[in-house]
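Visitor: Position chains B and C against the provided structure of chain A, taking the given hints into account.
Chains as they are written, first to last, in my numbering: chain A, 89 to 283; chain B, 9 to 1006; chain C, 35 to 122.
One thing to keep in mind: the hints can contain errors.
Computed beta-carbon distance windows for the label pairs [unchecked claim]:
hint : chain 1 : residue 1 : chain 2 : residue 2 : range
1    : C       : Lys81     : B       : Glu933    : 41 to 47 Å
2    : A       : Leu155    : B       : Ala636    : 36 to 42 Å
3    : B       : Leu272    : A       : Asn249    : 33 to 39 Å
4    : A       : Lys148    : B       : Ser163    : 57 to 63 Å
5    : B       : Glu885    : C       : Gln48     : 37 to 43 Å
6    : C       : Gln48     : B       : Gly637    : 20 to 26 Å
7    : C       : Gln48     : B       : Lys966    : 41 to 47 Å
8    : B       : Ser549    : C       : Lys81     : 28 to 34 Å
From chain B, some residues computed to sit far from chain C (all C-beta separations above 12 Å) [said to hold, decoys possible]:
hint : residue
9    : Asn353
10   : Thr491
11   : Gly715
12   : Leu726
13   : Val762
14   : Ala935
15   : Ser1006
List of simulated lysine-lysine pairs, DSS-like, C-alpha gap at most 27 Å [unchecked claim]:
hint : chain 1 : residue 1 : chain 2 : residue 2
16   : A       : Lys131    : B       : Lys699
17   : B       : Lys397    : B       : Lys351
18   : A       : Lys108    : B       : Lys249
19   : A       : Lys134    : C       : Lys60
20   : C       : Lys39     : B       : Lys903
21   : A       : Lys218    : B       : Lys249
22   : A       : Lys218    : C       : Lys39
23   : B       : Lys892    : A       : Lys134
24   : A       : Lys125    : A       : Lys230
25   : B       : Lys972    : B       : Lys1002
26   : B       : Lys582    : B       : Lys521
27   : B       : Lys891    : C       : Lys60
28   : B       : Lys985    : B       : Lys922
29   : A       : Lys125    : B       : Lys803
30   : A       : Lys110    : B       : Lys269
31   : A       : Lys108    : B       : Lys248
32   : B       : Lys985    : A       : Lys108
33   : A       : Lys131    : C       : Lys39
34   : B       : Lys492    : C       : Lys39
35   : A       : Lys125    : B       : Lys808
36   : A       : Lys108    : B       : Lys25
37   : C       : Lys119    : A       : Lys131
38   : B       : Lys161    : B       : Lys269
39   : B       : Lys803    : A       : Lys91
40   : B       : Lys892    : B       : Lys699
Derived from the structure by calculation, the hints contain no laboratory data.
Built from N, CA and C at the ideal position, the CB exists for glycine as well.
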Amino acid sequence: MSKITPLSNSHELGLHGNCKDKDEANLLVIREVTNIKIYQLSKFKKSNFDINNFSLDGYKLPNESGLSTGNENLRILWQAPNIWMIISYNENIIQEIGKQCSDSDFAITDLSHSRAILEVKGKDALNVIKKGSPLNLNNFRKNNCANSVYHGITVSIDMINDDPITLNIMALRSFAGSFHHAITDASLEFGFNAI
Amino acid sequence: MSQEFRISSGGLIDRSKEISFIFNGKKYTGYKGDTLASALLANGVHLIGRSFKYHRPRGIIAAGVEDANGKVQLYKDSITEPNVNVTEVELVEGLRIESQNCWPSVNFDVGGINNFLNRFFPAGFYYKTFMWPKSFWYNVYEPFIRKAAGMGKASLDPDPDRYEHQYEHCDVLVVGSGPSGISSALSAAKNGARVILAEDKARFGGSLLTDNVTIGNKKGDEWVEDSISELKSMPNVIVKKRSQVFGYYDHNMLVMFERCKDHLKNPEPYTPRQRLWYIRAKHVLISTGSIERPLIFANNDRPGIMLATSAREYLKVYGVLPGKNPIIFTNNDTAYETAIEFKANGIESIVLDTRKSSNAGVVQEAKALGIDIKFNHGIANTSGYKKVKSATVGELNESKNGYKNLTTIPCDSIFVSGNWTPTVHLASQSGNKLKYESETDTFLPNQSRQQETVIGSANGSFTLKESLTDGFSKGYQISDEITKNGIETSIPISDEKDFGSHDKFWCMPLPNKKHYKRFVDFQNDVAVSDIQLAVREGFRSIEHVKRYTTLGMATDQGKTSNLNGLQLVSDLEKKIVPEVGHTTFRPPYTSVTIGTIIGREVGKNYRATRKSPMHEWHEKHNAVFVDAGLWLRPRFYKRGNETLQEAAKREALNVRQNVGICDVTSLGKIDIKGTDSAEFLNRVYTNAFLKLPVGKARYGVMLREDGMVFDDGTTTRLAENHFHMTTTTAQAANVLSHLEYYLQVVWPELDVNVVSTTEQWAGAAIAGPKSRELLQRLFPEEDMSNEGFPFMGFKELEFKNTIARVFRISFSGELAYEMNVMSDYGEEMWNEIISQGKDLGIQPYGTEALSTLRIEMGHVAGSEIDGRTIAYDLSLEGMLSQKKDFIGKRSLSRKAFTEDNREKIVGVVPIDKKTSIPEGSYLVENAKAGFPNPKLGHVSASCWSVEYDNPFSLAIIKDGKNKKGEKLFAVSPLKNKIIPVEIVSQHYVDPEGKRVRS
Amino acid sequence: MLEIKCPYCGNRSQNEFAYGGDATVKRPELNSEISDQDWDHFVYYRKNPRGNHLELWHHISGCRQWFKVLRNTATHDIIQTMEMKENP
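One chain only, chain A, in its complex shape (with noise of 0.2 Å):
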């Protein structure tokens, strides 16, 4: 069947805004993240469940406000105290969530057509993100995220790498068109590639 991503009419490839006379290596690179899979997990109140027994690919669910870890393909992202937001390039996640937890300990929710992801790498990737939102980025780094609001929006922001800065940030999809303005209008004067 096919697909149609949130971004899919947004997101124009190619160099864009203040990119004359500039090393494109130093430019912004904003791409959508597609063809993952997301899932919420909700502790249930009355589960004795341990989430120290917990783990994909030896990640384990970060048990502290405003922390994420994983790697390149897998991002676990605290959202709220016993919720978390697994995000994932393998499309059998689900089993592997499977087998660490059962539904009676968690409520899982499937939201993986719900949001707009857009990676934004590059030295000014956090710029971008304090032209629109309040949230306070001096200390944020590495294995970093939050939810806050961008122009309006609410998004999650997550720091998956420091160097070069690569952030995901995500908004509910019906979002999509006003967040991917947003974020790249607000790219223009650092210029960047959108690929």
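Guide: Showing chains B and C alone in chain A's frame:
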């Protein structure tokens, strides 16, 4: 004759880069590094505009934001901006400026006649003069005042520039880069604090750019340069010039605008013009310095009269002589610096000092240089229409209320100094209640309300030594509370001139029997006589005097006039200044463009929009969209020249006759899991949910605790402990918060998880008598018969390698289904449904047809569920369980909610079966009754019934249950309509609800 | 623009939150007998103090948790924030 007032060397401008500009049609040149003001003065241009009320010629009086007169209309490329201050605009190629508030020209201004009629324009003149006759207001007075007031003209074109916002968080924000600002930034930064240093001008340094001082072994300006480079090299410091911190808000949030582009010759295309910074600072160090006060004397507003330190700034920073034959008039020592600086550049001046003597070092130095000083002298009057030509001066008598003798001295400029006013605006905005310091005649910050500390001359520390000590020690102290690093920076030794105290005398007497204007507020043309009149007429509170005279109410916010005005009121009322008090300082400190405040959110991006995965399909098929909250939903799909009504009728009729498809993605969807889910829903909904079988949907109604209907929708039990709730588009977010509130706050013992899945699923409603056939085609293997898939049934089915959730629910009152697939597949689903339904006559329908269908069926929606109706009013009382408690139930037994003649929903049909009833019309018994005509109810929604081909409306009306068959009138005074109507059942079509179950 | 310390996420700007009213109001138990007057007090009557006020906030664009805030209504100073199960 080009730049004849520019000295040949010195200053911080770049003489190798000449820049031309046009002022009132005439071409001038200046240099890179000039402001418009300095470039104009370099060309000997003092006359900039006409004053607000009397249209008197006015010139530049200062070199910074405090200037009260230099407002012009600025043109650059295709843009224009009104009320721009020439002291704040940096010179770049391509600028054209024009005087404002004058017609036909600044040199010959018709309004100047007001100057000669000035005794008809006293304080409160607007209040007194334009009162009668009332009919004159719109046609005569108001247009006249508007034209006469003639500030600049706003552009009618869209602003072509980009504006951006930026959020920053820091430990210490330092506002102002004078000696105390730089030293505090240095010591805080070296102690490891995250520092932002903001300077509003194009150059750092503040008074150090003009004062002859040394710090350490460096000259003041060299120390500035080195310190700024050092700060810029530190990773924990952000240094910003051209950045005005203009507002101090709650929880140490400060707002600043940065001028990013206008000063650049060839800016990059996407560089914003201005950037608005929201800075959350743990502590704010306010080192905003102080502003020189003018002295008040007769005709003290002529072009060529300016503040003494500003004159020195023009000389030292821009290499410009604002006058070649100046009189310097002062009541303190600082103006002597100006005399000395001018002397060093070969300009002789006369100093008039109101004091009897001064022993300050700087005065001795001036004496030693042979500068002509006349103590105990005042200026009684000036002359010169477009520029000052001479001053009438005289020795003051013993009581300083007159002159012993008067002589006239020719001059081309007068530089005045009436002592210093600390810039306390930000501290005051933060909530600091100011205290009065009578020794210096200043209001100073007192007790900090938020995390703010005022340092340097803004805090009354007027010497360099004090300022540096203040800066270094406070910078360390405050940073150390945050960083605890304990790294203290030593205070360098400084050297400066010696200054003494000022004369508490600042308002010169008029010459005998003369009534010249002595201006206090230049921008709003408020003179001493206006304030005297206000006090004479009984205004006592300074806030009242301010509003009556408009003192300090112009765009300069009285930066140069407030304190003189206060002192005057205190003299007149024979009160001390602190008893008079001061007026309130409010943000913004200087004018901020609206574009900067709006930022990126302009045009179609003025707010975020939400779109369904089928949005592009709708666009391609001529959908006209309507806002539903943030969602854009197709209102109708336009064919040819159809009107909205024609299209809605066609689409709705097609649903009644064949089959239609409607995008319902925007309906809220909430996934509910957990062992207490059924119990929770049973409390949230008014009807029973405990025993809803798996695989079945149920319509549910939610109330608020006050008993009003909150929302409705269907909820489906997917598994024993798993439900799928739907909400209206409008209330989706509120319902989720409502559920979270009850789960987290009220009943935390319930083990239920709720999460929004609105965007996970793309939804299509398929409605009409042929919908079953269409469904059968989509799912050929499935039993779609009425028995196999009954009303309120649910099936999860395989659909083209993915799964589809199919619900047999109906909003249109027809046989109908709702189909959901995961959003990526939404458009594919939609195309498949349309292609399978082609020969069944399928048509997409929008919200307008959707409304028509639900209205004629009598289904309630947002226009009835308006937060003022209970279930009974909407004929939903059957949904109220008698057996269980639920949210809001107890409210329903309140007396008003149980009264026999309560409002109830009814149908309304015009008697002529032709006239549509405007939504919002009132229903009354007698259309001709006088006002107030008793209202029986209101029309909540109207449509053109496609079933009966006549107008039909829903209304909520008093005693509705007994009103059926009555003949009333629908009146809409807004649309000037009176329509005879008959009250009928709300269920106009299929009152038994057979179709949905067929 | 207030800065509110979410007990779970730390200091965040007010844009991320929604105000939720008086935190001292307790909903009567379901199925309990309750007088008109008590119910009215629960639904309608609220104190409007000048000074400290214990109120609910919802971290709507953050962790979506409801929590309590002790805020001075005159100065906007936030004295304390806490989880629902805690008290000032």
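Visitor: For every hint, state whether the structure bears it out.
Guide: Now the hints, each set against the structure:
1. C:Lys81 / B:Glu933: 41 to 47 Å: 44 Å, holds
2. A:Leu155 / B:Ala636: 36 to 42 Å: 38 Å, holds
3. B:Leu272 / A:Asn249: 33 to 39 Å: Given a distance of about 34 Å, which is inside 33 to 39 Å, the answer is holds.
4. A:Lys148 / B:Ser163: 57 to 63 Å: 59 Å, holds
5. B:Glu885 / C:Gln48: 37 to 43 Å: Holds - the Cβ-Cβ distance for glutamate 885 of chain B and glutamine 48 of chain C, about 41 Å, lies within 37 to 43 Å.
6. C:Gln48 / B:Gly637: 20 to 26 Å: 22 Å, holds
7. C:Gln48 / B:Lys966: 41 to 47 Å: Check passed, 43 Å falls within 41 to 47 Å.
8. B:Ser549 / C:Lys81: 28 to 34 Å: Roughly 33 Å apart at Cβ, these two residues keep to the hinted range, so it holds.
9. Asn353: Given a closest Cβ separation of 49 Å, the condition holds.
10. Thr491: Per Cβ check, threonine 491 of chain B is outside 12 Å of chain C; nearest 17 Å; holds.
11. Gly715: 8 Å, violated
12. Leu726: Leucine 726 of chain B clear of chain C: closest Cβ-Cβ about 22 Å, beyond 12 Å.
13. Val762: 9 Å, violated
14. Ala935: At about 37 Å from chain C, alanine 935 of chain B clears the 12 Å cut-off, so the statement holds.
15. Ser1006: 39 Å, holds
16. A:Lys131 / B:Lys699: 26 Å, holds
17. B:Lys397 / B:Lys351: Distance of about 21 Å is within 27 Å: holds.
18. A:Lys108 / B:Lys249: 26 Å, holds
19. A:Lys134 / C:Lys60: Holds - the C-alpha atoms of lysine 60 of chain C and lysine 134 of chain A are around 24 Å apart, at most 27 Å.
20. C:Lys39 / B:Lys903: Measuring from Cα to Cα gives roughly 43 Å; hence the hint is violated.
21. A:Lys218 / B:Lys249: 19 Å, holds
22. A:Lys218 / C:Lys39: With Cα atoms ~20 Å apart, lysine 218 of chain A and lysine 39 of chain C stay inside 27 Å; holds.
23. B:Lys892 / A:Lys134: Holds: lysine 892 of chain B and lysine 134 of chain A sit about 25 Å apart, inside 27 Å.
24. A:Lys125 / A:Lys230: Given that 27 Å is the threshold and the Cα spacing comes to 21 Å, the pair holds.
25. B:Lys972 / B:Lys1002: 22 Å, holds
26. B:Lys582 / B:Lys521: 24 Å, holds
27. B:Lys891 / C:Lys60: 24 Å, holds
28. B:Lys985 / B:Lys922: 13 Å, holds
29. A:Lys125 / B:Lys803: Between lysine 125 of chain A and lysine 803 of chain B the Cα gap is close to 24 Å, so the pair holds against 27 Å.
30. A:Lys110 / B:Lys269: 19 Å, holds
31. A:Lys108 / B:Lys248: With a Cα-Cα distance of about 25 Å, the restraint between lysine 108 of chain A and lysine 248 of chain B holds, given a limit of 27 Å.
32. B:Lys985 / A:Lys108: Given that 27 Å is the threshold and the Cα spacing comes to 63 Å, the pair is violated.
33. A:Lys131 / C:Lys39: 24 Å, holds
34. B:Lys492 / C:Lys39: With Cα atoms ~23 Å apart, lysine 492 of chain B and lysine 39 of chain C stay inside 27 Å; holds.
35. A:Lys125 / B:Lys808: Since the Cα atoms of lysine 125 of chain A and lysine 808 of chain B sit roughly 20 Å apart, the hinted pair holds (cutoff 27 Å).
36. A:Lys108 / B:Lys25: Distance ~26 Å between lysine 108 of chain A and lysine 25 of chain B Cα, so the pair holds.
37. C:Lys119 / A:Lys131: 18 Å, holds
38. B:Lys161 / B:Lys269: Since the Cα atoms of lysine 161 of chain B and lysine 269 of chain B sit roughly 22 Å apart, the hinted pair holds (cutoff 27 Å).
39. B:Lys803 / A:Lys91: 23 Å, holds
40. B:Lys892 / B:Lys699: Holds, because 13 Å separates the two Cα atoms, which is no more than 27 Å.
Of the numbered hints listed earlier, those contradicted by the structure are 11, 13, 20, 32.
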